[in-house]
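Asks: Please work from the sequences and hints to get the whole structure.
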Amino acid sequence: MSSCAFSTSTLCETLPNHEAVCKKPSDFKKNCISADMSQLKLTWRNSMTWKQTGSRLKCRALDLKSNDAFLKGQVFQLDDVIEAQQFDREILSAIFEVAREMETIEKKSGGNQILKGYLMATLFYEPSTRTRLSFESAMKRLGGEVLTTENAREFSSAAKGETLEDTIRTVEGYSDIIVMRHFESGAARRAAMTANIPVINAGDGPGQHPTQALLDVYTIEREIGKLDGIKVGLVGDLANGRTVRSLAYLLAKYNDVKIYFVSPEVVKMKDDIKEYLTSKGIKWEESADLMEVASKCDVVYQTRIQRERFGERVDLYDEARGKYIVNRDVLSVMQKHAVVMHPLPRLDEITVEVDEDPRAAYFRQAKNGLFIRMALLKLLLLGW
Amino acid sequence: MSSCAFSTSTLCETLPNHEAVCKKPSDFKKNCISADMSQLKLTWRNSMTWKQTGSRLKCRALDLKSNDAFLKGQVFQLDDVIEAQQFDREILSAIFEVAREMETIEKKSGGNQILKGYLMATLFYEPSTRTRLSFESAMKRLGGEVLTTENAREFSSAAKGETLEDTIRTVEGYSDIIVMRHFESGAARRAAMTANIPVINAGDGPGQHPTQALLDVYTIEREIGKLDGIKVGLVGDLANGRTVRSLAYLLAKYNDVKIYFVSPEVVKMKDDIKEYLTSKGIKWEESADLMEVASKCDVVYQTRIQRERFGERVDLYDEARGKYIVNRDVLSVMQKHAVVMHPLPRLDEITVEVDEDPRAAYFRQAKNGLFIRMALLKLLLLGW
Amino acid sequence: MSSCAFSTSTLCETLPNHEAVCKKPSDFKKNCISADMSQLKLTWRNSMTWKQTGSRLKCRALDLKSNDAFLKGQVFQLDDVIEAQQFDREILSAIFEVAREMETIEKKSGGNQILKGYLMATLFYEPSTRTRLSFESAMKRLGGEVLTTENAREFSSAAKGETLEDTIRTVEGYSDIIVMRHFESGAARRAAMTANIPVINAGDGPGQHPTQALLDVYTIEREIGKLDGIKVGLVGDLANGRTVRSLAYLLAKYNDVKIYFVSPEVVKMKDDIKEYLTSKGIKWEESADLMEVASKCDVVYQTRIQRERFGERVDLYDEARGKYIVNRDVLSVMQKHAVVMHPLPRLDEITVEVDEDPRAAYFRQAKNGLFIRMALLKLLLLGW
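Protein chains in written order, with numbering that gives the first Met the number 0: chain A, 0 to 383; chain B, 0 to 383; chain C, 0 to 383.
Among the hints, a few may not be true.
Any copy will do: because identical chains look the same in the list, a pair fits if it lies in one copy or spans two.
[Unchecked claim] For lysine-lysine, the following BS3-like pairs were computed, each having C-alpha atoms within a straight-line distance of at most 30 Å:
no. : residue 1 : residue 2
1   : Lys159    : Lys267
2   : Lys273    : Lys322
3   : Lys115    : Lys273
4   : Lys159    : Lys269
5   : Lys322    : Lys159
6   : Lys159    : Lys225
7   : Lys159    : Lys366
8   : Lys279    : Lys71
9   : Lys252    : Lys273
10  : Lys115    : Lys71
11  : Lys115    : Lys322
12  : Lys322    : Lys230
Just so you know, the hints here were simulated from the structure itself, not pulled from any lab data.
Replies: Next up, the structure:
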C-alpha cells in the first residue's frame, strides 16, 4: 500500500498483514507512523518485518494474536529470521509444533522430500562448522539441496571491496533461501533488507543468533513440559554470551518465570536485560551459590567462559573459569525432573561425569537445533 | 579415423565430425594438415576439439555451418568448453536458445531432473566463490550432484608435487564432468587433453573464462534484442580484463558492430584485439569522453580497475580508478533502451544510485550466468 | 548380554554375534575374558567390535568362519571400519563381491538410489581432497547425501577446546554415518567408541587408513585374478608408508604369498611387520635389485619417498628418492600379466612413460577406491 493511517501503537498490536511502502525512511515516518526513526526501529523489533528494495522501505505489521494465521497452508508470518525479538509466545508455540513433527520425519527411512527442488545457500563469513552442518542437515533431511561456502569473506568487501548488498543480490539469483553467518552485528538485517528471498541469521558477530535462542526455549519445553512457571539458573559468562541474553529475553514472554544469575563478578548479566525483565514483571535474582540455585531450578543453563573476552588478564580468566563448575555434586542437589543445558562447545565447565546422567540435556539440545531449523526452513519456504 | 586427406582450409569449414587419430603431433601434421604446429593451434582454436590420450592426439573437425547439428537429440559439437574461440555465431545462437529454455526450467517449483545421477566435480585451484556457486546452482537446478573442492591446490603439484594430469585422471574416476578453475593460463586445455570426460574452464589465470564471455553476449542479446548492428562501449581496465577482451573477440562475429574503448591511458586495450577487430571489418575507436560514448551506445560495459595490476604505483591506480565512473550523470545521457553491464564485483566504478535504474543490467547479467551454465552442462552431458 | 563365560581363545574363533556388556574395562576382564587389557586389545584387533557408551564397553565377538553371515539381507559384521586388522579373508572376499556389483551400478545412467535419504558426514580434521572426493562420490553414486567439512579442526579441541567425543556426539545427531580423517593416531577408534552410528576411518595420522588397504588388495585380485600364491614387490618408503605396512599385513591372510622389500636403507621395512609375516608363515626377503624383483613379481607396488620424513637431511632424501624408479626399463623385465601399483600421488618414482602401458594399474587402483567405499557404505548402512 502506498500509505497507511494507523498510529504507532495500533500498528504493533492490531493490524495484521498491513503493508506500507514508502520511498524513503522519512516518507515512511510521515505516512505511516508519527514516530522518529528510533521508534521505527523499536516498532519493527516487536512486530514487523520490513524489506528495503533499492532505497525503498517496505514494512509489514503483524497481528500475532490471531491464531487463524497458524493454520495449515497459511503463509508464514515472517519473511526472514533475524532476531529473537521477532518471536512472541504464540508464534513460538506454533513453530514448536512444527518442530515436533520434524522429529518424526527425521526418523523415517528414506527421508522426506517436501523441500525437493529448493536450494539453500549457506553464506558463512566466518566458519561455524557446527551451525552450518546443523542447517545443511536440516535442509537435506527435507529433500532440499545446499550451496556451501565457508570462505564468503573472500568474495566480499574484505577481499575485493564488494558490499554485502551486492553479494546478496548475486547469491539470491542462485538460491531460494540464504543462511548467513557474519562477523558484524547487524549484517543479517542488512542482508534481509536487500534480498528478495528469505534470509536466516545464523549468528552475526556479537549481535544475534536467533535459531540458537529458539532451540533453547524448545528444549526447555521438551524437557520440562512447560514454560510458564519455570525456574531457570543462568550460569557462567552472562555479560558476553548472546545465548543467555536471548534466552532471558524470550523467557520474559512466559508467566511466573523466575531467573537466577550465577556468574563471576567480571562477567555479570548487564543492566539492560535486568531492566527489561523487571519491566515485564519477571522475577530475577543474582546469586553466588550455585548449589543453592541448582537445588531450586528446573533448568541449570551453563555457559563457557570465553578466554578471548579477558585479553591479557589471564589471571581473571582463570579465576572466572574455575568458579562455577557443574559436576556430580551439583547434580546431587538438583531435582529429579530438572536438566542441565549448555549451548556447546564446552570445556570443563561441565565435567564429563555428568554426561551419563539422564538430566544432562545438552546433546539432546544440540539435536533439537536440527528440528528447529527444519521447521524454520519449511515455514519460510512453504508456509504453515 | 587413422588418416584424413583434407587440407587446412577445408578442415576448418566443411568436414563435420571428422576424426583424425595420430600418434604424435608430427604425424598429425603429416597425415591431416599441411600446416605447422602454430597453424594446428590456429585451426583448433577456430573449429576443432582434440583430446590427448597418452601421447596420442585425437582431433575432431566441426562444420558449424550445418544447422542440422543443432537438432534435438544430436550430440553437442564440443567435448569441452575451454576458450571463447571455440564458438561462432551459429553455435552461440543455438546455445542461447537452450539458455532461454533454462530460464523457464529454473522458475518451475520442484526443479528439473534431467541431470539426475550425474556428478560434477568443481576443482578449484583458487577460490572463486561466485563462479563456483553459479556452476553448482546450475548443476543442482537440473537435478545433478556436485563434488566440491576449493583447495584443490593442496592435493596438486603445489602441495605434494603431483601433476595436474595425474589429478585429472583421478578425479575423472569420481565424476561425469569437471569444472576447473586454475591460476595458470593453459591449465584448462591441459586438463581437457587428459580427461575422458568433459572439462569446463571456469577461468585459468590471465587466460580464458569462456562462460563469462558467453553470458556477456547472451545478456546483450536478451537486453537489446539483437547483436548485429549494436554499439558497445568498453570502459575501464581494457588491458588486463579478460572479460572485455573475450567480449570484443566474440562481438567480431556479428555484423555492423561498433566498439568504443574508454580507458585510462595506462590500461588501454592492447593492439592484438584492435588488429583482430580490424581484420574482421569491425569498426572501433578510442575515446576519452565517457559521456559522449554513453549517449551513442546500446551497451556501456564497465569494468573494475584492479589495484594489483599497478604494483607500488598507488598514485597511478588512484588516478585510473577515479577517471571513468558510471553514475546518474552518465545514465542521464544514455538512451532509453541502452543498458549498463559489469562482470562484478564492482567497487565504486558504478555508483549505488545507478542500481535502481531499470537500465542497470549487471545483476540480471550475473543471473544469466546461471542459465548459460545450465545450458552448457546439459549440452555437454546430454547433447542438444 | 550382562555376562559371558567364554574364554579368550573361543571368543575369537567360535562365538558369533555374542555380546558382552560390562560397566568397566575391569569388569569386562572379569566377566568375559581371562586376559589383561593388552590382551583385550589384541582380541579386539582380531575379531571383535566394541562400543563405549559413557564408561560402558560393549563388545561383540564375530565368527567370521560362518559363511551364512554373508547372505543377502544379513546385518554387516562390523559396526565401524577402523583398522585393516578387522578383516580376514572371508569377509574381504565377501566385500569384494559387493564392490564388483558396485562397478556395474556406477556405469548405469541415472545412478542408483539405494542410499536415498541417508546422510554421510565427512569430518576431516586435515584436508585430503582425494580421499574425501572418493568417499563423497561413493555416497552420491548410491543416491545418498553428504555434509562436508574440511576444517573440522576449527570447531574441535584445537580451536575452542572441545573434545573429539563431544564433536562426535553432536555430528551423529545430524547424520547417519561419519567418515573421519584425523591427524592423530587412534582418533578413529575413539570416535567409533563414542558414536552410535557407523564410523569409517579415512586415515588417522600415522595410524590406519583401512579403505586404502582394502582397495589395494581388491586391485590385486582384480588385476591378477587371485591372491593365493602371488609374488609382490613393495618398493620405496617401507618404514613410514602405512599403505605398504597394511598391505603386507593383509597379504599374510593368503596362502603361499611371497613378499620382496626393495627400499633405500634409511626407510627399510620395520621388524614388527617382518616378524608378523614370519609368524604367519609368509616368505619374505629384502633386495636391493629392483630389476630382478620386478622380473619375478606379479605386482610391483611403488610408493613415494616423503620428503617430510627426512627433516633437514635433504642429501639423504635426494639419495633415497632417486634410487628405485619404475620406468620403461623396469617394465621391460616385468611379466606380461604383472602390474605396477601406487597409492598416489606420485612424483617421479614412476616415470610418465609408464602410464600408457596396460600394466600401469595405478589409476584403475584409484578408481577401485570408489567401488570399495561404495561397498562399505552400503554394507554399514544396509547390510549384505
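Asks: Now tell me if each hint is right for this structure.
Replies: Right, here's what the structure says about each hint:
1. In the homo-oligomer, the alpha carbons of Lys159 and Lys267 lie at most 30 Å apart only across protomers (22 Å), although the nearest pairing inside one protomer, at 40 Å, exceeds that limit.
2. In this assembly of identical chains, Lys273 and Lys322 lie within 30 Å of each other by CA distance solely inside one copy; the values are 22 Å within and 55 Å between copies.
3. For a Cα distance limit of 30 Å, the shortest separation of Lys115 from Lys273 qualifies neither inside one copy, at 45 Å, nor across copies, at 50 Å.
4. Taking CA atoms no more than 30 Å apart as the test, Lys159 paired with Lys269 passes between copies only; the shortest distance there is 25 Å, against 38 Å inside one copy.
5. Taking the shortest alpha-carbon separations for Lys322 and Lys159, only the inter-copy value of 19 Å comes in at or below 30 Å, while the best intra-copy value is 45 Å.
6. Proximity of Lys159 and Lys225 under a CA criterion of 30 Å is satisfied in neither setting, with 50 Å inside one chain copy and 33 Å between copies.
7. Within a single copy, Lys159 and Lys366 get their C-alpha atoms only as close as 38 Å, which misses the 30 Å cut-off; across copies the closest is 20 Å, which meets it.
8. When the C-alpha separation of Lys279 and Lys71 is checked against a cutoff of 30 Å, the pair qualifies neither within a copy, at 32 Å, nor between copies, at 63 Å.
9. Proximity of Lys252 and Lys273 under a CA criterion of 30 Å is satisfied intra-copy only: 14 Å inside one chain copy versus 70 Å between copies.
10. Taking CA atoms no more than 30 Å apart as the test, Lys115 paired with Lys71 passes in both settings, with 19 Å inside one copy and 28 Å between copies.
11. In this homomeric assembly, Lys115 and Lys322 never come within 30 Å of each other (Cα to Cα): the closest approach is 49 Å inside a single copy and 49 Å across copies.
12. Taking the shortest Cα distances, Lys322 and Lys230 sit within 30 Å of each other inside one copy (22 Å), while across copies they are farther apart (65 Å).
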